[in-house]
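So the protein sequences, as listed, match chains A and B. Those letters in the first sequence? Residues 1 to 239, per our numbering, in order. Those letters in the second sequence? Residues 1 to 335, per our numbering, in order.
Watch out, some of these pointers could steer you wrong.
As the list claims (entries may be wrong) - Distance condition first, Cα-Cα at most 30 angstroms in a straight line; then the derived DSS-like pairs of lysine-lysine:
| no. | chain 1 | residue 1 | chain 2 | residue 2 |
| --- | --- | --- | --- | --- |
| 1 | A | Lys-178 | A | Lys-233 |
| 2 | A | Lys-134 | A | Lys-178 |
| 3 | A | Lys-98 | B | Lys-34 |
| 4 | A | Lys-98 | B | Lys-191 |
| 5 | B | Lys-191 | A | Lys-223 |
| 6 | A | Lys-17 | B | Lys-34 |
| 7 | A | Lys-223 | A | Lys-178 |
| 8 | A | Lys-134 | A | Lys-179 |
| 9 | B | Lys-34 | A | Lys-128 |
| 10 | A | Lys-178 | A | Lys-128 |
| 11 | B | Lys-243 | A | Lys-134 |
The hints are simulated quantities; they were obtained by calculation from the structure and are not laboratory data. All values derive from a computational prediction rather than experimental measurement.
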Amino acid sequence: MSQPILVAEALSSGYGKFQVLFDVSFRVYENEILAVVGPNGSGKSTLLKTVFGLTTIYSGSVIYRGRDITRLPPYVKARIGVAYLPQTDNVFAELTVKENLLMAAYTLEENEARDRIEEVLNLYPVLKERLSYKARSLSGGERQMLALAMTLVRRPDIIMLDEPTANLAPVVARHLLKKISMLRDEMKKTIVLVEQNARAALELGDRALLMVSGRVSYEGPSKSLLQDVELGKRYLGLR
Amino acid sequence: MVLPSTEYLIYSIAYGSSLALLCMGLTLTYMVTKVPNFAHATLAITGSAVTLLLIDRIYHVFYLEGGASSLGKTPYYTLYLIAPISAFLIVGLVALIQYLLVLRPLSSRGVGIIGLMIATLAFDIILVNILTLTLYLMPTAYFGKLIGPSLKGFDASVSVLGISTSFSRLALPVIAVTLAIALHLFLTRTKFGVSLRAAIENPDLARVLGINVDLAYMTSWFIAGGLAGASGALYIFMVENFKPAVASLVIVSVFAGSILGGLGSIYGALLGGFLVGVTETFVVVLVQNILAAYGLPITLTHYQRLFSLFIVIVMLLLAPQGLTGLISRVGRGGR
């Protein structure tokens, strides 16, 4: 197994005084998909927010490529290669697709920004046809694709996705998950995927993290969790 | 004759343009800070004060110190350009100060919308008093003797297509349209302008993408103040009796125009402000003339702002999203 790209050690965090995560530790390895699953309210989304610096961290640390990034502000984390894609409000609805992509490339030089936007548009040709459309007029799937494209413009090493298939039609969700697996297989990205559809996430993932009541209940190969009848039945609604 | 004169229509358009600029600015700051700025009309009055001070200095230098014979009245014509530009910059800074010293610190301490609204009221009172004192202290002996409390005497007369009017009445719509187009181009064609819209819509996402949200907010306040200043800089030429306290009346119309526009779109505000301005002047006189023709001679012009309040009530009851919401609903086929 390759070296871990991100290591979380004994993380405890929450919102103000309301603690959600308790002593959470896990590792993310280069070029893998880590599927984060668990029942509602188990702290899956809070886990991603904590790594990205959007919660109150009480104790613990986040190490990214050997550097302690626990207390760095989100925009600095974004600049050094960590990307976070929230579940909602992940695009600017009143801006056009082109303007959204331009904003994603905000900190880049003009030429570099143009090249990278061209690059992601080739990955998502449907967006190329909608450049002048406002993001709010896109379908749910197209919006998530735009959000993903905005993330890729910044060429992150690790992408944390918070329920990207929520509220999407099954066929669109499957298409999006396929795109996510392409990010790992073709673009060699590392993915942390929080997903409500546990079966789909575990089938896609290399390894899995099962969260229960703000604590890690399982960390290991996805397939093993998928085959664990007891855990699957109790926490993931799998039969 | 029931229809008001063409000259009055021109005045009405100028007044509407002036309100349109004010509503655009108020809406912009509302979108950024989510607080209605009660000092916004006073920012326009600050622009008027800038024009007064400019005229005072120009009159002093060119007319009382011997420059008049060679320059004639030329310096006054340049005012139509100098005054709005100076007022834009100076009042933009005043608005920025309001944001930096009052709203940003209070906001960061978690003060709610009511507290922030009262803070803008307090700033308004302070600003009105500073302006009153400044105008009282400035060397305006000439004003009292030569032009009275109004700048109407300094406005040039022009004749267009046989209609005689004053230059400021023609300049205001031109400046309003120019500034609106400039703002539109800035917000849609420049990277910084687009980032400003992004920061207003979703500050968290903007921060994640590396956009300096604070700078965007400061720029918005500067622009809003600038628009108010430019509006007031020319509007003063149309006022009979200039007093800073008049801002407390104007703010009613500004809120009416902004609410009519929907408070979420500066283009809606532009339209809303213009419509309220035309209603308060042209429509009021039209209704007054119609009533008089039917033997009901009521002076409605004294109650012009009641019309604005009526518009606000109707809009809030029937279409709280304002004109912008209505237009987009029609665009979606009423869905």
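Going through the hints against the structure:
1. A:Lys-178 x A:Lys-233: holds, 26 angstroms
2. A:Lys-134 x A:Lys-178: holds, 25 angstroms
3. A:Lys-98 x B:Lys-34: holds, 27 angstroms
4. A:Lys-98 x B:Lys-191: holds, 11 angstroms
5. B:Lys-191 x A:Lys-223: Violated: B:Lys-191 and A:Lys-223 sit about 46 angstroms apart, past 30 angstroms.
6. A:Lys-17 x B:Lys-34: Judged against 30 angstroms, a Cα distance of about 27 angstroms means the pair holds.
7. A:Lys-223 x A:Lys-178: holds, 18 angstroms
8. A:Lys-134 x A:Lys-179: Roughly 23 angstroms separates the two Cα atoms, so the pair holds.
9. B:Lys-34 x A:Lys-128: violated, 35 angstroms
10. A:Lys-178 x A:Lys-128: Roughly 19 angstroms between the alpha carbons, so the hint for A:Lys-178 and A:Lys-128 holds.
11. B:Lys-243 x A:Lys-134: violated, 45 angstroms
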